[in-house]
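Number of protein chains: 2
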Amino acid sequence: MLLNTLYLPELREMIASDDREGLRDFCGALHPARVAEFMEGLDAQESWRVLLAADPELQTELFGYLDPQKQTEVVHNVAEAGDQQAISRLVVDMPADDRVDLLYRVDNSVVDELLPLFPRDDRHETLRLLEFPEGTAGSKMTTEVAKLSEKLTVREALEEIAHQSEDLETIFYLYVVDEGGRLQGLVSARQLVVHFRKPDTPIAELMQRDVVTVRANDDQEAVAEKVAAYDFLAIPVVDDERKLLGIITHDDIIDVLRAEATEDAHLAVGVAPLEGGYLDTHWFTLAWKRGMWLAILFFAALLTALALRNYEGDFQKAAWLVLFIPLVISSGGNSGSQSATLVIRGLTDGDVRLGDWRRVLKRELVMGLCLGTTLATAGYFCAVLLTRSALPEGADAVAIAAESPPPTMGEVLVVPITLLLVVLCGTLSGGVLPLVFQRLGLDPALMSNALVAGIIDIAGIIIYMTVAVWMVSGLG
Amino acid sequence: MLLNTLYLPELREMIASDDREGLRDFCGALHPARVAEFMEGLDAQESWRVLLAADPELQTELFGYLDPQKQTEVVHNVAEAGDQQAISRLVVDMPADDRVDLLYRVDNSVVDELLPLFPRDDRHETLRLLEFPEGTAGSKMTTEVAKLSEKLTVREALEEIAHQSEDLETIFYLYVVDEGGRLQGLVSARQLVVHFRKPDTPIAELMQRDVVTVRANDDQEAVAEKVAAYDFLAIPVVDDERKLLGIITHDDIIDVLRAEATEDAHLAVGVAPLEGGYLDTHWFTLAWKRGMWLAILFFAALLTALALRNYEGDFQKAAWLVLFIPLVISSGGNSGSQSATLVIRGLTDGDVRLGDWRRVLKRELVMGLCLGTTLATAGYFCAVLLTRSALPEGADAVAIAAESPPPTMGEVLVVPITLLLVVLCGTLSGGVLPLVFQRLGLDPALMSNALVAGIIDIAGIIIYMTVAVWMVSGLG
Chain A
1 MLLNTLYLPE
11 LREMIASDDR
21 EGLRDFCGAL
31 HPARVAEFME
41 GLDAQESWRV
51 LLAADPELQT
61 ELFGYLDPQK
71 QTEVVHNVAE
81 AGDQQAISRL
91 VVDMPADDRV
101 DLLYRVDNSV
111 VDELLPLFPR
121 DDRHETLRLL
131 EFPEGTAGSK
141 MTTEVAKLSE
151 KLTVREALEE
161 IAHQSEDLET
171 IFYLYVVDEG
181 GRLQGLVSAR
191 QLVVHFRKPD
201 TPIAELMQRD
211 VVTVRANDDQ
221 EAVAEKVAAY
231 DFLAIPVVDD
241 ERKLLGIITH
251 DDIIDVLRAE
261 ATEDAHLAVG
271 VAPLEGGYLD
281 THWFTLAWKR
291 GMWLAILFFA
301 ALLTALALRN
311 YEGDFQKAAW
321 LVLFIPLVIS
331 SGGNSGSQSA
341 TLVIRGLTDG
351 DVRLGDWRRV
361 LKRELVMGLC
371 LGTTLATAGY
381 FCAVLLTRSA
391 LPEGADAVAI
401 AAESPPPTMG
411 EVLVVPITLL
421 LVVLCGTLSG
431 GVLPLVFQRL
441 GLDPALMSNA
451 LVAGIIDIAG
461 IIIYMTVAVW
471 MVSGLG
Chain B
1 MLLNTLYLPE
11 LREMIASDDR
21 EGLRDFCGAL
31 HPARVAEFME
41 GLDAQESWRV
51 LLAADPELQT
61 ELFGYLDPQK
71 QTEVVHNVAE
81 AGDQQAISRL
91 VVDMPADDRV
101 DLLYRVDNSV
111 VDELLPLFPR
121 DDRHETLRLL
131 EFPEGTAGSK
141 MTTEVAKLSE
151 KLTVREALEE
161 IAHQSEDLET
171 IFYLYVVDEG
181 GRLQGLVSAR
191 QLVVHFRKPD
201 TPIAELMQRD
211 VVTVRANDDQ
221 EAVAEKVAAY
231 DFLAIPVVDD
241 ERKLLGIITH
251 DDIIDVLRAE
261 ATEDAHLAVG
271 VAPLEGGYLD
281 THWFTLAWKR
291 GMWLAILFFA
301 ALLTALALRN
311 YEGDFQKAAW
321 LVLFIPLVIS
331 SGGNSGSQSA
341 TLVIRGLTDG
351 DVRLGDWRRV
361 LKRELVMGLC
371 LGTTLATAGY
381 FCAVLLTRSA
391 LPEGADAVAI
401 AAESPPPTMG
411 EVLVVPITLL
421 LVVLCGTLSG
431 GVLPLVFQRL
441 GLDPALMSNA
451 LVAGIIDIAG
461 IIIYMTVAVW
471 MVSGLG
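One line per chain: the protein sequences are A and B, in this order.
Note that the first sequence covers residues 1 to 476 in UniProt numbering.
Note that the second sequence covers residues 1 to 476 in UniProt numbering.
These are calculated hints, taken from the structure and not from any lab test.
Possibly wrong hints are sitting among the right ones.
[Claimed, not checked] Straight-line alpha carbon distances no greater than 20 Å define the calculated DMTMM-like cross-link-like pairs of lysine to aspartate or glutamate that follow:
1. B/K226 to A/E61
2. A/K147 to A/E125
3. B/K147 to B/D239
4. A/K226 to A/D280
5. B/K70 to A/D231
6. A/K226 to B/E260
7. A/K70 to B/D443
8. B/K70 to A/D356
9. A/K226 to B/E61
10. A/K198 to A/E241
11. B/K198 to A/E156
12. B/K70 to A/D349
13. B/K70 to B/D83
14. B/K289 to B/D443
15. B/K362 to A/D280
16. B/K147 to B/D210
17. A/K198 to B/E80
18. B/K70 to B/E80
19. A/K226 to B/E40
20. B/K289 to B/E275
21. B/K289 to B/E263
22. A/K198 to B/D349
23. B/K226 to A/E40
24. A/K362 to B/D280
25. A/K147 to A/E241
26. B/K198 to A/E160
27. A/K70 to B/D356
28. A/K317 to A/D349
29. A/K70 to A/D43
Let the hints inform the model, and build the full structure from the sequences given.
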């Protein structure tokens, strides 16, 4: 996505000349998401000037489409300038879930300044939502939900919604509750419209009673999976007594799915989950989240050095063995990462289940044999060429040959045999380890490619040298 | 997700005893998505028996919730049993986009048997949709869209929708078209409901004219990004003359986003995009899609062997250098993969833009220095310990020491210096290469972790041996 700078000069000119009318017209002319896109090049102060010029009912919507980082900057900036009143009005008008998301990101001192300026009900609601830990259903829900009594008819329900709808984020599903606020069922806006010609139908007759719900403390990823599986537009959040607390809407679900995809991709290469974007994260935090894993992988790699130490003498007798160390470990690591990623994504997408472990094992055995044989064949010819052709000019060929003779055609077989075994070891462990993690109740994405590769590196060295000692004369 | 086998015995019993009433009640009792979940353990033939017992209006919906693989099996199975009539009735009732998705997966011979049994209009529509290549907006759209003439009032529009709505997948947005079918604007169902009390308002007054659209040939990923950015529920697909062809709805967008996340994760480890799930893909196809990349990475790794060949003599003079080969290349590979993934996901999520290349470069320089210094410090102490402590028992210590003396404290500095340089090289190239790919108009996800790691492996060897020749006496 390129920064859209098409109207940036015009916007800046209007800001500079304080052309409020021009700015207002600009804000009203396009979809708010598109206006926000054109505003991306502006700094926090300029953005605020544009927002102030927009029609009051557009301000909050426009603000909602700015990127999260810019929103936070605007709030900090305006609060610093002393205009708490104006910014709190804007923030309080946001849908409750977006408002809470924003307040999570704003400095606590500023939140403390803004909250007392909220109307009483909004303040209580915000405080209640802020109590749900980030990443739970409760923190993603909006409390502005269309609630209907089950005693209404279609006509009364339509009247009621027309009345409520100004405050609502969505009216696709209308939730029917009893007098205690407990969820009894749902009617869709579609059903109401379809029964527009039979206005006296009681909604209890149309209502679907088997409503799928989530609890406020459920993990947001599980909620997203549920919504995606059922093709829902929104899902109700209830407490232990089935009291309707709020709903989570499709746009938040899409955000969760994207955030989880990024988190999994990061875990795969050993980066602990970030809270903001790559460029927004403080370099020190980033260094810590990367360094932690890098250190673990580093100490895993040190084990390869420890393993190689046992064979120091062998490398002097058969120096050609050194050539293929990186080849052997990278072939194992690559095939292992492939298997791990295929199984991890399969688990995430629901294509693979724990009960499929036999099929996974069989599949990876076939893959290992098939890919391993291919690489082994190619590896044999390359190894023969590399070890038997003349040494590069300048190398002290005679001296080397005296102490470490080139391998015979038979001895070169060490390379292909090792490649086959290492690839097999890679595919099998890459396929099985994520399932083991899942079985233990851990996130299979933790069994990152980097970790699989680290394990295979050590196994690769041991396999390579064991085969070598067994096949090359004079070693061991 | 565990296979839900809760009701499997009851279902099987009802099938065996041909208890159609029981099956019908079962199908009607819960949300169709949940019924489909309970049916997952059944084979294609059993599933068909359950579907046949369900209420006719439920059959297609239930079938739509079965997983894609099972749907395809059912179609093949029923067609083989000779009941083309029944299965074509089921398939033709599906929303157009889901129907086309299914037919893409069914054998061509079966498609040719079913198509002539479709009603004429459905057949033409299906054939037209099948012409759009998979992965385009056209292949994901449904043609069942709520179209209104701009001359209607709110009351007339409500009447019209109540009339059309049986055939519609969604009525959240109602599209207003002129007589030539060209898109003029949209009204939301919500607006109609809100204006329920002012039924004579012309919809032209409520209509939003600046409608964001996509073209039928647009890439599905770009479409999904657009919908996610604007928080839309559906997006209209138009042709070059802005004629409304269909819409793509939120559930298809979620599917696209998930499929793209999986595709990117696969590319990252060098697996060419799969069409089905991991377990559904034929082993031969899978072997090909993995093997292709594995072969490319293998030949990249072969270059390390070629590079090492120049230093064969040096390893005899300083055998301890061999110990750290895997450590050096894996440290570089790991830090490079981290950087590449952070930048690739940043580009996908819109946090990083091409114009940010200077910030990315600066950031990765800082990361490289910071992480490299840490690993170098740890590496120095470990290297000193490993090279200066007594050799493991059984190793021919005296003989080795004569030909290849242990390094001095100064010579061991080769390891930390190399680690710092390699990590720096990893973070910088991992950060910049995806941006270069993006700039060249290629998918940055192609600059996979595996490929970055492959490049760093070669760089790592060259850096290591260059530093060694420069610092260790008697080499080169």
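Decide if the proposed pair is consistent with the structure: A/K147 and A/E125, CA atoms, cutoff 20 Å inclusive.
holds, 17 Å
Can the restraint linking A/K226 and B/E61 be considered satisfied, given a maximum Cα separation of 20 Å?
Holds, at about 17 Å.
Restraint check for A/K226 with A/D280, where alpha carbons must lie at most 20 Å apart:
Answer violated: A/K226 to A/D280 is near 30 Å, above 20 Å.
Please work out if B/K289 and B/E263 have their alpha carbons no farther apart than 20 Å.
holds, 12 Å
Run the distance test for A/K317 versus A/D349: straight-line Cα separation, threshold 20 Å.
violated, 51 Å
Would you mind confirming whether the straight-line C-alpha gap from A/K226 to B/E40 stays at or under 20 Å?
Holds, because 16 Å separates the two Cα atoms, which is no more than 20 Å.
CA of B/K198 to CA of A/E156, is that 20 Å or under?
holds, 15 Å
Straight-line alpha-carbon gap A/K198 to B/D349, limit 20 Å:
Outside the cut-off at roughly 47 Å; violated.
Given pair status - B/E80, B/K70, alpha carbons within 20 Å
holds, 15 Å
So if I understand the rule, the pair passes when the alpha-carbon distance is 20 Å or less; does A/K198 with B/E80 pass?
violated, 45 Å
Under the criterion that the straight-line Cα-Cα distance not exceed 20 Å, is the pair B/K147, B/D239 satisfied?
This hinted pair holds, its Cα atoms lying about 16 Å apart.
Starting from B/K226, check that the Cα of A/E61 is at most 20 Å away, please.
Satisfied, since the Cα-Cα distance of roughly 17 Å is no more than 20 Å.
In this structure, the hints that do not hold are numbers 4, 7, 10, 17, 22 and 28, in rising order.
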